[in-house]
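Visitor: The primary structure of each chain is shown beneath.
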Amino acid sequence: MQVDEATVQRIAGLARIKVTPEEAKALQTELSGILNWVEQLDEVDTSAVEPMTRVVPIALPKRKDEVTDGEIPDQVTKNAPQTEDHFFVVPKVIE
Amino acid sequence: MTDLTTLTLTQARDGLRKKDFSATELTEAFLRAIEAGNGSLNAFVLPTPDHALAQAKASDARLAASDPRPLEGIPLGHKDLFCTNGVRTTACSRILGNFVPTYESSVGANLWNAGAVMLGKLNNDEFAMGSSNETSAFGPVVSPWRRKGKDGKLTEAKLVPGGSSGGSSAAVAAGLCLGATATDTGGSIRQPAALTGTVGIKPTYGRCSRWGIVAFASSLDQAGPIAKTVEDAALMLGAMAGYDPKDSTCVDAPVPDYAAQMRQGVKGLRVGVPKEYRVEGMSKEIEALWQQGIAWLKAAGATIHEISLPHTKYALPAYYIVAPAEASSNLARYDGVRYGLRVPGKDIIDMYCETRAAGFGKEVRRRVLIGTYVLSAGYYDAYYLKAQKVRTLIKRDFDEAWNTVDVVLTPTTPSPAFAFGEKTGDPLAMYLEDIFTVTVNMAGLPGMSVPAGLSSEGTPLGLQFIGKPFDEGTLFRAGKVIEDAAGRFNAPDKWWLAGSKGR
Amino acid sequence: MARAQTSKLIRGGTGDWEVVIGMEVHAQVASRSKLFSGSATAFGGEPNSHVSLVDAAMPGMLPVINEACVAQAVRTGLGLKAEIHLRSIFDRKNYFYPDLPQGYQISQYKHPIVGEGEVEIEVEGETKTVGIERLHLEQDAGKSIHDQHPDYSYVDLNRSGVALMEIVSKPDLRSAKEAQAYVTKLRTILRYLGTSDGDMEKGNLRADVNVSVRKPGEPLGTRCEIKNVNSIRFIGQAIEVEARRQIDILEDGGKISQETRLFDPGRGETRSMRSKEEAHDYRYFPDPDLLPLELEQGWVDDLAKDLPELPDEKRARFMTDYGLSAYDASVLVAERESADYFEAVATGRDGKTAANWVINELFGRMNKEGRDIEHSPVSAKQLGGLVELISSGVISGKIAKDLFEILWTEGGDPAEIVETRGMKQVTDTGAIEKAVDEIIAANPDKAEQAKLKPNLLGWFVGQVMKSSGGKANPSAVSDILKTKLGIE
Numbered sequence: 001m002q003v004d005e006a007t008v009q010r011i012a013g014l015a016r017i018k019v020t021p022e023e024a025k026a027l028q029t030e031l032s033g034i035l036n037w038v039e040q041l042d043e044v045d046t047s048a049v050e051p052m053t054r055v056v057p058i059a060l061p062k063r064k065d066e067v068t069d070g071e072i073p074d075q076v077t078k079n080a081p082q083t084e085d086h087f088f089v090v091p092k093v094i095e
Numbered sequence: 001m002t003d004l005t006t007l008t009l010t011q012a013r014d015g016l017r018k019k020d021f022s023a024t025e026l027t028e029a030f031l032r033a034i035e036a037g038n039g040s041l042n043a044f045v046l047p048t049p050d051h052a053l054a055q056a057k058a059s060d061a062r063l064a065a066s067d068p069r070p071l072e073g074i075p076l077g078h079k080d081l082f083c084t085n086g087v088r089t090t091a092c093s094r095i096l097g098n099f100v101p102t103y104e105s106s107v108g109a110n111l112w113n114a115g116a117v118m119l120g121k122l123n124n125d126e127f128a129m130g131s132s133n134e135t136s137a138f139g140p141v142v143s144p145w146r147r148k149g150k151d152g153k154l155t156e157a158k159l160v161p162g163g164s165s166g167g168s169s170a171a172v173a174a175g176l177c178l179g180a181t182a183t184d185t186g187g188s189i190r191q192p193a194a195l196t197g198t199v200g201i202k203p204t205y206g207r208c209s210r211w212g213i214v215a216f217a218s219s220l221d222q223a224g225p226i227a228k229t230v231e232d233a234a235l236m237l238g239a240m241a242g243y244d245p246k247d248s249t250c251v252d253a254p255v256p257d258y259a260a261q262m263r264q265g266v267k268g269l270r271v272g273v274p275k276e277y278r279v280e281g282m283s284k285e286i287e288a289l290w291q292q293g294i295a296w297l298k299a300a301g302a303t304i305h306e307i308s309l310p311h312t313k314y315a316l317p318a319y320y321i322v323a324p325a326e327a328s329s330n331l332a333r334y335d336g337v338r339y340g341l342r343v344p345g346k347d348i349i350d351m352y353c354e355t356r357a358a359g360f361g362k363e364v365r366r367r368v369l370i371g372t373y374v375l376s377a378g379y380y381d382a383y384y385l386k387a388q389k390v391r392t393l394i395k396r397d398f399d400e401a402w403n404t405v406d407v408v409l410t411p412t413t414p415s416p417a418f419a420f421g422e423k424t425g426d427p428l429a430m431y432l433e434d435i436f437t438v439t440v441n442m443a444g445l446p447g448m449s450v451p452a453g454l455s456s457e458g459t460p461l462g463l464q465f466i467g468k469p470f471d472e473g474t475l476f477r478a479g480k481v482i483e484d485a486a487g488r489f490n491a492p493d494k495w496w497l498a499g500s501k502g503r
Numbered sequence: 001m002a003r004a005q006t007s008k009l010i011r012g013g014t015g016d017w018e019v020v021i022g023m024e025v026h027a028q029v030a031s032r033s034k035l036f037s038g039s040a041t042a043f044g045g046e047p048n049s050h051v052s053l054v055d056a057a058m059p060g061m062l063p064v065i066n067e068a069c070v071a072q073a074v075r076t077g078l079g080l081k082a083e084i085h086l087r088s089i090f091d092r093k094n095y096f097y098p099d100l101p102q103g104y105q106i107s108q109y110k111h112p113i114v115g116e117g118e119v120e121i122e123v124e125g126e127t128k129t130v131g132i133e134r135l136h137l138e139q140d141a142g143k144s145i146h147d148q149h150p151d152y153s154y155v156d157l158n159r160s161g162v163a164l165m166e167i168v169s170k171p172d173l174r175s176a177k178e179a180q181a182y183v184t185k186l187r188t189i190l191r192y193l194g195t196s197d198g199d200m201e202k203g204n205l206r207a208d209v210n211v212s213v214r215k216p217g218e219p220l221g222t223r224c225e226i227k228n229v230n231s232i233r234f235i236g237q238a239i240e241v242e243a244r245r246q247i248d249i250l251e252d253g254g255k256i257s258q259e260t261r262l263f264d265p266g267r268g269e270t271r272s273m274r275s276k277e278e279a280h281d282y283r284y285f286p287d288p289d290l291l292p293l294e295l296e297q298g299w300v301d302d303l304a305k306d307l308p309e310l311p312d313e314k315r316a317r318f319m320t321d322y323g324l325s326a327y328d329a330s331v332l333v334a335e336r337e338s339a340d341y342f343e344a345v346a347t348g349r350d351g352k353t354a355a356n357w358v359i360n361e362l363f364g365r366m367n368k369e370g371r372d373i374e375h376s377p378v379s380a381k382q383l384g385g386l387v388e389l390i391s392s393g394v395i396s397g398k399i400a401k402d403l404f405e406i407l408w409t410e411g412g413d414p415a416e417i418v419e420t421r422g423m424k425q426v427t428d429t430g431a432i433e434k435a436v437d438e439i440i441a442a443n444p445d446k447a448e449q450a451k452l453k454p455n456l457l458g459w460f461v462g463q464v465m466k467s468s469g470g471k472a473n474p475s476a477v478s479d480i481l482k483t484k485l486g487i488e
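Chains as they are written, first to last, in this note's numbering: chain A, 1 to 95; chain B, 1 to 503; chain C, 1 to 488.
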């Protein structure tokens, strides 16, 4: 699969990673190469196969409905670049 | 006095209990080695000497009271992918800046509760993505091994220690720690072990807890040890493994005495040799190593059977869909809001885009973009769903194999350690390093690499054992046979201790 | 396809239009802790206090599911008469927003825990069945505050990770009233089951309303989604405003663009949210930190056995057991607490009288004073006692009102009060006859006229009642007067 620069930019937008036009050019080649290479999976007949939904043969573990966590606002905000009264502060979100 | 850093973990454990030396002495020996040698190797990104000495002191108290825990006083290196309480953790990425966790990973806690001492955080490929430790934000790790030239002298070219756990493998091989924690998503324990002449085991998926380990690919990541010997690895894994209710994919099964299982020998063990692992262009010496391993096992009483794992060649491309897809989602949380790097922006989207562009290295960005693409609208079925179906087939191949064999033997890597920059030109060239190891993660099985010989250039080569789910015991006993036959391999010259900054 | 009901159609310049509405209701699950983490779901609290490391998406954190939330979702599905999927999958819905710390929401996409079901609603006397498409569990996001500072937004993750049930209806609704009735009924069912408190003011129940219009018989039109409408009233307003907006565009020859809109109650209009087409690529995939959720049929059956009686069943039973009208029964079952109160009053007593007193007297007084049934000063036991006194003829209806006032303001036991304050009704015919004779004797002219003007009977009844201090049994008074006055 060949991806073009516009696709690289669209994907970079979805991934929220800024990509300069030069970087997009290089990425276009690299990503196309990788995607072409993985396409060999088309050789495999998977029509009667289920996707792997679990790696371990166990049931989904459940926990009891009890409050066992939280109430640690200092820990939660300790590493934040910007806080105010335990709020996380971020540049304006435009709705 | 013996250079304590040349002891194995098992010998050190025994020595401490016999009071041949103290835990503080042992830790100090390693701290000195790190001080002398880490500048050239760059294996440790953050030595923690005060922390280590405090732990050693506590261990000495317990040893004095003849109340030692399983790894009492044993100095270990800890991959910087494991969150450490109060100690900076970065996954060797700029984006985690000066992140200091307020919590300890479950595997880490298990080790410290077993009495082990943390010497410091070890280097790795950024976010565990790589096979050479060349993508770390802290710079590459230099392998203590060097190639021998045609004149028999060691060449100057810096070799890679493998990746992503390159800091772990280099530190163990160079005697900067007695053992190291590592993680393996596509081969990141086994390949570095093979390239440095050390033992590395990735246990069955679900054997160790993933809680507190920076996630790369959730359905593939597993923690495991890199150590000098098979027994050392058995002791470490015994302490690392175990149930954790905080990880929904962790299995509640008892942890056996791996060292005891290791001594059971391989009489009657059925060893499978998969023909599909004989890949085109595989070097003669790898083939010879494989045959040598077969011979050793036969001599020890095992039987050898050719098996077929027909979907082997599809494991690598399937892995390079599944792993990046999961990673693209796992790395979305690195957004400059709650921790790590923040690059200012005119609004939140701008901030995200600038932060993540500045914080992620090239390989990480490449994989996040691939992952985003293969999950995106219109492509999910063709890529991600397809790869997950192929994964079922890969596992099924092994399930069938277990009908006739108990363990599978393959080479660990297609070639020995390469030099810096030799494979960074084309991402695919690097990805092919994992060709023998990814099948194991895709199937959720345990896999171990054991040093088995040296290449014509005098650099280590490893053999890989692949086992049934939760049958790590068989890997240990098969690995022990190879180790007993092949012997141990140490870098011939401790050039890094000369103190020259070989970076 | 059902013929569009003419009364619900909207008149436009080019003809009549039919509104097609589907709703996605998000209800916060009633549980102590969050869906995938052990922090508290309690409302309010200091910023980032009910937040664990998992909720804050610290590196290496992992989800573990809350079994009670699973049970609540199943019980809700059972209450919606829906198919319970014994196997369901949790998927990640990936997008970036500061109140979504993981950069993805754990939700359910292709395999939700509950499938198709139905809800019955009644609008202006007509019953209608509204189809449910599915119900799934998902995490709620935190809260972002944008209006406190020109350059910054503030993020609080207290709500992040709280369990939500997303209930998706089929596009079966055809008017604002139907939509309101649907949400009201849904809310009632959730409250009966105790699976959500449905408190819209706290944001524990929110609706996304999908609206499209078409000429009757035509295929479905392009729909717009009005997000996060948080009151029944606004749901009605938003639908009407949006339907009118779409009709106006189409009648002018334009086309409707499929978009997400917000209802602005102040302006009485919907407006488009900033273009988010790229955000629509959520890249759903099964969450690899979780395994498929597999339920045992036996466990589901046990939950079904223990479900409380639901509003529709209770309403039907009130009508048959207590002889109530459909209207009265509906009023009583609107809230489970009211229904339980009524039943405590009515058991072993006259249902109709009980209903009259609960609905007209008690609810009336409560509404006036802004109280709810849990804070009624008159208990069911007291009201029941009052009803008994009426039914057995001990007090008259009028005296009962006085008694009610005493119970409301002072409290006490109804029978005792009646006894000690001499409120008993006089039924002794001899005493009544005596009173009647006195009044007739005192008003001979009127007595004469009463034969010709039977309406004067009322005046006489009033006089006799007055003279007895309200205690005479009014029907006995009336009968005796009729006889003595010679009225048929």
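Source of the hints: derived by calculation from the structure; they are not laboratory data. Just so you know, even glycine gets a beta-carbon here, dropped at the ideal spot from N, CA and C. Mixed in with the good hints there might be a few duds.
[Said to hold, decoys possible] To give an idea of the interface, some chain B residues facing chain C are shown, with a C-beta separation under 10 Å as derived from the structure: (1) Cys83; (2) Lys148; (3) Val214; (4) Leu220; (5) Asp484.
[To be verified] In silico DMTMM-like pairs for lysine to aspartate or glutamate, Cα to Cα no more than 25 Å straight-line: (6) C:Lys352 <-> C:Asp301; (7) C:Lys484 <-> C:Asp402; (8) A:Lys18 <-> C:Asp99; (9) C:Lys352 <-> C:Glu294; (10) C:Lys424 <-> C:Asp413; (11) A:Lys64 <-> B:Glu104; (12) B:Lys313 <-> A:Glu43; (13) B:Lys346 <-> A:Glu22; (14) C:Lys93 <-> B:Glu354.
Visitor: The structure should be examined with respect to each hint, and the outcome stated for every one.
Guide: These are the hints, each one checked on the structure:
Restraint check, Cys83 (chain B) versus chain C: the minimum CB separation of about 5 Å is within 10 Å; hint holds. Annotation: interface hint on Lys148 (chain B) violated; nearest CB of chain C at approximately 41 Å, more than 10 Å. Given hint, Val214 (chain B) at the interface with chain C, holds; its Cβ is 5 Å from that chain's nearest Cβ, closer than 10 Å. A least Cβ separation of about 8 Å between Leu220 (chain B) and chain C falls short of the 10 Å threshold, and the interface hint therefore holds.
At a threshold of 10 Å, the smallest CB-CB gap from Asp484 (chain B) to chain C is about 38 Å, leaving the interface hint violated. Annotation: proposed proximity of Lys352 (chain C) to Asp301 (chain C) is violated, straight-line Cα distance about 36 Å (limit 25 Å). Restraint check: the Cα-Cα separation between Lys484 (chain C) and Asp402 (chain C) comes to about 30 Å, which exceeds 25 Å; the hinted pair is violated. A distance of roughly 21 Å separates the Cα atoms of Lys18 (chain A) and Asp99 (chain C); the hinted pair therefore holds under the 25 Å criterion.
Using a Cα cut-off of 25 Å, the hinted pair Lys352 (chain C) and Glu294 (chain C) is violated, with the two alpha carbons roughly 48 Å apart. Restraint check: the Cα-Cα separation between Lys424 (chain C) and Asp413 (chain C) comes to about 14 Å, which is no more than 25 Å; the hinted pair holds. Restraint check: the Cα-Cα separation between Lys64 (chain A) and Glu104 (chain B) comes to about 23 Å, which is no more than 25 Å; the hinted pair holds. For the hint linking Lys313 (chain B) to Glu43 (chain A), the alpha-carbon distance of about 11 Å falls within 25 Å, and the restraint holds.
A C-alpha spacing of about 23 Å is found between Lys346 (chain B) and Glu22 (chain A), which places the hinted pair at or below 25 Å, so the restraint holds. The straight-line distance between the Cα atoms of Lys93 (chain C) and Glu354 (chain B) is roughly 23 Å, inside the 25 Å bound, and the hint therefore holds.
The structure fails to meet hints 2, 5, 6, 7 and 9 from the earlier list, while all remaining hints are met.
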